[in-house]
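Asker: The residues making up each chain are set out below.
2 protein chains.
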Amino acid sequence: MNYFSSDFKLGILGGGQLGKMMLTETRKFDIQTYVLDPSAEAPSQYGATKFFQGSLNDYQTVLDLGNQVDVLTIEIENVNLEALETLEKEGKKVFPSPKTLRLISNKGNQKDFYTQHNIPTAPYQRFLTLFALKAEVVNGSIAMPFVWKATEGGYDGNGVKVVRKIEDLDALPETECIAENMIPFKNELAVIVARSASGEIKTYPVVEMEFHPEANQVEYVICPARIDEAVANKAREIALQVSEAYNHVGLLAVEMFQTQNDEILVNEVAPRPHNSGHYSIEASYTSQFEQHIRAILNLPLGNTESKVAGIMVNLVGEEGYTGQVVYENIEQIMAIDGVTPHIYGKRETRPFRKMGHVTIVNQNMYEARKVAQQVKETIRVIAK
Amino acid sequence: MNYFSSDFKLGILGGGQLGKMMLTETRKFDIQTYVLDPSAEAPSQYGATKFFQGSLNDYQTVLDLGNQVDVLTIEIENVNLEALETLEKEGKKVFPSPKTLRLISNKGNQKDFYTQHNIPTAPYQRFLTLFALKAEVVNGSIAMPFVWKATEGGYDGNGVKVVRKIEDLDALPETECIAENMIPFKNELAVIVARSASGEIKTYPVVEMEFHPEANQVEYVICPARIDEAVANKAREIALQVSEAYNHVGLLAVEMFQTQNDEILVNEVAPRPHNSGHYSIEASYTSQFEQHIRAILNLPLGNTESKVAGIMVNLVGEEGYTGQVVYENIEQIMAIDGVTPHIYGKRETRPFRKMGHVTIVNQNMYEARKVAQQVKETIRVIAK
Numbered sequence: 001m002n003y004f005s006s007d008f009k010l011g012i013l014g015g016g017q018l019g020k021m022m023l024t025e026t027r028k029f030d031i032q033t034y035v036l037d038p039s040a041e042a043p044s045q046y047g048a049t050k051f052f053q054g055s056l057n058d059y060q061t062v063l064d065l066g067n068q069v070d071v072l073t074i075e076i077e078n079v080n081l082e083a084l085e086t087l088e089k090e091g092k093k094v095f096p097s098p099k100t101l102r103l104i105s106n107k108g109n110q111k112d113f114y115t116q117h118n119i120p121t122a123p124y125q126r127f128l129t130l131f132a133l134k135a136e137v138v139n140g141s142i143a144m145p146f147v148w149k150a151t152e153g154g155y156d157g158n159g160v161k162v163v164r165k166i167e168d169l170d171a172l173p174e175t176e177c178i179a180e181n182m183i184p185f186k187n188e189l190a191v192i193v194a195r196s197a198s199g200e201i202k203t204y205p206v207v208e209m210e211f212h213p214e215a216n217q218v219e220y221v222i223c224p225a226r227i228d229e230a231v232a233n234k235a236r237e238i239a240l241q242v243s244e245a246y247n248h249v250g251l252l253a254v255e256m257f258q259t260q261n262d263e264i265l266v267n268e269v270a271p272r273p274h275n276s277g278h279y280s281i282e283a284s285y286t287s288q289f290e291q292h293i294r295a296i297l298n299l300p301l302g303n304t305e306s307k308v309a310g311i312m313v314n315l316v317g318e319e320g321y322t323g324q325v326v327y328e329n330i331e332q333i334m335a336i337d338g339v340t341p342h343i344y345g346k347r348e349t350r351p352f353r354k355m356g357h358v359t360i361v362n363q364n365m366y367e368a369r370k371v372a373q374q375v376k377e378t379i380r381v382i383a384k
Numbered sequence: 001m002n003y004f005s006s007d008f009k010l011g012i013l014g015g016g017q018l019g020k021m022m023l024t025e026t027r028k029f030d031i032q033t034y035v036l037d038p039s040a041e042a043p044s045q046y047g048a049t050k051f052f053q054g055s056l057n058d059y060q061t062v063l064d065l066g067n068q069v070d071v072l073t074i075e076i077e078n079v080n081l082e083a084l085e086t087l088e089k090e091g092k093k094v095f096p097s098p099k100t101l102r103l104i105s106n107k108g109n110q111k112d113f114y115t116q117h118n119i120p121t122a123p124y125q126r127f128l129t130l131f132a133l134k135a136e137v138v139n140g141s142i143a144m145p146f147v148w149k150a151t152e153g154g155y156d157g158n159g160v161k162v163v164r165k166i167e168d169l170d171a172l173p174e175t176e177c178i179a180e181n182m183i184p185f186k187n188e189l190a191v192i193v194a195r196s197a198s199g200e201i202k203t204y205p206v207v208e209m210e211f212h213p214e215a216n217q218v219e220y221v222i223c224p225a226r227i228d229e230a231v232a233n234k235a236r237e238i239a240l241q242v243s244e245a246y247n248h249v250g251l252l253a254v255e256m257f258q259t260q261n262d263e264i265l266v267n268e269v270a271p272r273p274h275n276s277g278h279y280s281i282e283a284s285y286t287s288q289f290e291q292h293i294r295a296i297l298n299l300p301l302g303n304t305e306s307k308v309a310g311i312m313v314n315l316v317g318e319e320g321y322t323g324q325v326v327y328e329n330i331e332q333i334m335a336i337d338g339v340t341p342h343i344y345g346k347r348e349t350r351p352f353r354k355m356g357h358v359t360i361v362n363q364n365m366y367e368a369r370k371v372a373q374q375v376k377e378t379i380r381v382i383a384k
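Line order of the protein sequences matches chains P and X.
Counted from 1, the first sequence has number 319 at position 319 by full-length UniProt numbering; the numbering is strictly sequential.
Counted from 1, the second sequence has number 274 at position 274 by full-length UniProt numbering; the numbering is strictly sequential.
If you are wondering where the hints come from, they were derived from the structure by calculation, not from laboratory data.
Among the hints, a few may not be true.
As the list claims (entries may be wrong) - Computed cross-link-like contacts, SDA-like style, restricted to lysine to any residue with a CA-CA straight-line distance of at most 25 Å:
no.	chain 1	residue 1	chain 2	residue 2
1	X	K384	P	D70
2	P	K9	X	L301
3	P	K9	X	E41
4	X	K9	P	E348
5	P	K370	X	L301
6	X	K384	P	N298
7	P	K92	X	V326
8	X	K384	P	Q68
9	X	K384	P	F4
10	P	K9	X	K9
11	X	K50	P	E41
12	X	K9	P	S39
13	X	K376	P	N303
14	X	K93	P	K9
15	X	K50	P	S6
16	P	K202	X	I336
17	P	K50	X	E348
18	P	K9	X	E331
Said to hold, decoys possible - Derived coverage of chain X by chain P (criterion: at least 3 residues anywhere in the stretch with Cβ under 8 Å from a Cβ of chain P; other residues may be distant):
no.	region
19	47 to 61
20	296 to 303
Ideal placement from N, C-alpha and C gives every residue a C-beta, glycine not left out.
With the rest of the complex left out, here is chain P (with noise of 0.2 Å):
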């Protein structure tokens, strides 16, 4: 298959941040893109061969942006799924495919699978509705604190909550759901693994989310993760056995937990270019956007080991600010060695929203570690 400066065209579904740092990478290898987004301003916009207004959970919509192009791929997971079905039954490649997609979208679903398969994940019980699960907390079969989270629908910690008395219960949506036991974890890892159409199979290193002291919030995502070797060489392999049970095209990002005794849970997964990643366009040689375009293309996958330590703080808008975004003292953080601002390219900010990420490389984890917390106390994200 000839890709590069042809008529091969890639569809790809959403266009916010992760579909426009994969378009980077389609117009370094000049591969004609077809995007589709409900936003007319989305990030996307610029940078694809043609740009498409329109619902991603729309059938027809969808149907008619996988006609046209030869290779249909997502950037987010929550997109029409009959018709990928129908695509792929009419002999459109799409990767991931509509079958992975399905197992991941319902997170009762996915613990499931992992336990079928042998693959460690952290104890858990599904209810069909919060009323099912009400009636265990209440009858004491189900010890406090535990973890709800919503099957569907979930984003970006939506749909997650820690419930530690049965009031928090009270705040929760009626809807299908998990209890997870609470698991005290020494780290949060992760691990992106790439797999082709032929199955060439390969991970990243095992990265480590660093939450903050206090707010229990991930402040920075390293790598490679601060761990024994014995540790991350689990990790890796735990992830690669995830990637095989899934048999998925593309990446599959694959968030894990490294308990008090070192075992390693699978949290959940992503079949796609994750946050977790981003630091790979500086540091690795291969970035994780490019892997996925290799992976679903059916190209040699690349070398996923870095050049240089790496370490990505998210931007996200100030609470309290709402309206057209600035990035206050961003030229301060752009003066030190080594740090990268991406900027997504939404007008407005909200608190908590996603505007970007600031990548810090160096030979030197330790430097780019104090580097990144400088970033972190520079830079805000606030409106004008």
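Starting from the known structure of chain P, arrange chain X on it as the hints suggest.
Answerer: Frame of chain P, contents of chain X only:
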């Protein structure tokens, strides 16, 4: 000044591969861009906020583009300088300035400029006509061999010829020219200097052009150059001296000869991102394209040092092939660690047309050099 996701607009004259690679950076920073190029098929037609088809040499067309933007830059020198002068007079920021562009546009003036500023350059004589040059050769006052250069309009080896015997003069165009002493050089080197509007200056490491042993064609651009540190330091010093003399804003690529006696002689300059800096996308902390954007917007300059050794191989159209391009064996080279092809997005190949480049990076320079040769021997730019 707020450049990021703001109303600020950067104009770029020229939409070729250099413009395309600049747009990767303006997209990363979400800076709005208006691009002008004569071809509707220009590589920069995607990724710009707005793309305009029009002549770069037409006064009014350039003026109109300039009037719509806040800062104006170029990716090719051959643009209407009168329009830039008008724009600058009216207060528009134009980087590089029309003054710099004018100084550089004539190779005779460039040589005189080096002489006036005590910048070492190969001895030369200027002639208003080929006729005048011929007279001097015939009367024996210019010894052969020497290098003939047209003072204007030369590009990629056009407008340069080694004259070994009187008959060689017959094929040359009747135009203003210089006759330059032929320098038996050890190495052809280049240094890219970044200089921001506020005067901050940084140099990139010295790169080396490695020539094919027989064909006398550059095969590899190698960073860092395999030369003594003392010579490298001298080359960077002289590049700085050239940069300060021009007082330019943006990048200045300074091409130099290292003579048999380790003298450094300045050959010529380009006030923009340059082929000799393409390796920086993968190898450097800050790519030359990001650096150009930082410099012209008076942002802090980024770190110019390298993460890893980098080698660049140009992809030019094979002789004997014209038509819709095919990158033969591109998948084979993508299977090698540290190999990144850049496809410029020109649908039609022609003999010697610059169609792309490949960067090879490695912790070990000698390993990179081996891989570069393998790449060179594998990929071919042919037509369907």
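Asker: So, for every hint listed, does it hold in this structure?
Answerer: Evaluated hints:
With a C-alpha separation of about 20 Å, the suggested pairing of K384(X) with D70(P) holds against the 25 Å cut-off. Of the supplied pair hints, the one linking K9(P) and L301(X) is violated, its CA atoms being roughly 37 Å apart against a limit of 25 Å. In summary, the hint linking K9(P) to E41(X) is supported, as the alpha carbons are separated by about 17 Å, within the 25 Å threshold. In summary, the hint linking K9(X) to E348(P) is supported, as the alpha carbons are separated by about 18 Å, within the 25 Å threshold.
This hinted pair checks out: K370(P) and L301(X) have alpha carbons roughly 20 Å apart, not beyond 25 Å. Proposed proximity of K384(X) and N298(P) is supported: the alpha carbons are some 21 Å apart, at most 25 Å. Of the supplied pair hints, the one linking K92(P) and V326(X) holds, its CA atoms being roughly 24 Å apart against a limit of 25 Å. The straight-line distance between the Cα atoms of K384(X) and Q68(P) is roughly 23 Å, inside the 25 Å bound, and the hint therefore holds.
For the suggested pair K384(X) and F4(P), the alpha carbons sit about 12 Å apart, so the restraint of at most 25 Å is met. Distance restraint check for K9(P) and K9(X): the Cα-Cα separation of roughly 30 Å exceeds the 25 Å cut-off, and the hinted pair is therefore not satisfied. For the suggested pair K50(X) and E41(P), the alpha carbons sit about 15 Å apart, so the restraint of at most 25 Å is met. Taking the CA atoms of K9(X) and S39(P), the gap is near 22 Å; set against the 25 Å cutoff, the hint holds.
Restraint check for K376(X) and N303(P): the C-alpha separation of about 20 Å stays at or below 25 Å, so the hint holds. A distance of roughly 39 Å separates the Cα atoms of K93(X) and K9(P); the hinted pair therefore is violated under the 25 Å criterion. Taken as a hint, the K50(X) and S6(P) pair is honoured in the structure, with Cα atoms around 23 Å apart against an allowance of 25 Å. Of the supplied pair hints, the one linking K202(P) and I336(X) holds, its CA atoms being roughly 14 Å apart against a limit of 25 Å.
Between the alpha carbons of K50(P) and E348(X) the distance comes to roughly 21 Å, so the proposed pair stays at or under 25 Å and holds. For a cut-off of 25 Å, the pair hint linking K9(P) to E331(X) stands: about 18 Å separates their Cα positions. Interface restraint, the region 47 to 61 of chain X with chain P: holds (3 residues with C-beta to C-beta distance below 8 Å; minimum three). Residues of the region 296 to 303 of chain X with a Cβ under 8 Å from some Cβ of chain P number 4, which satisfies the need for three, so the listed coverage holds.
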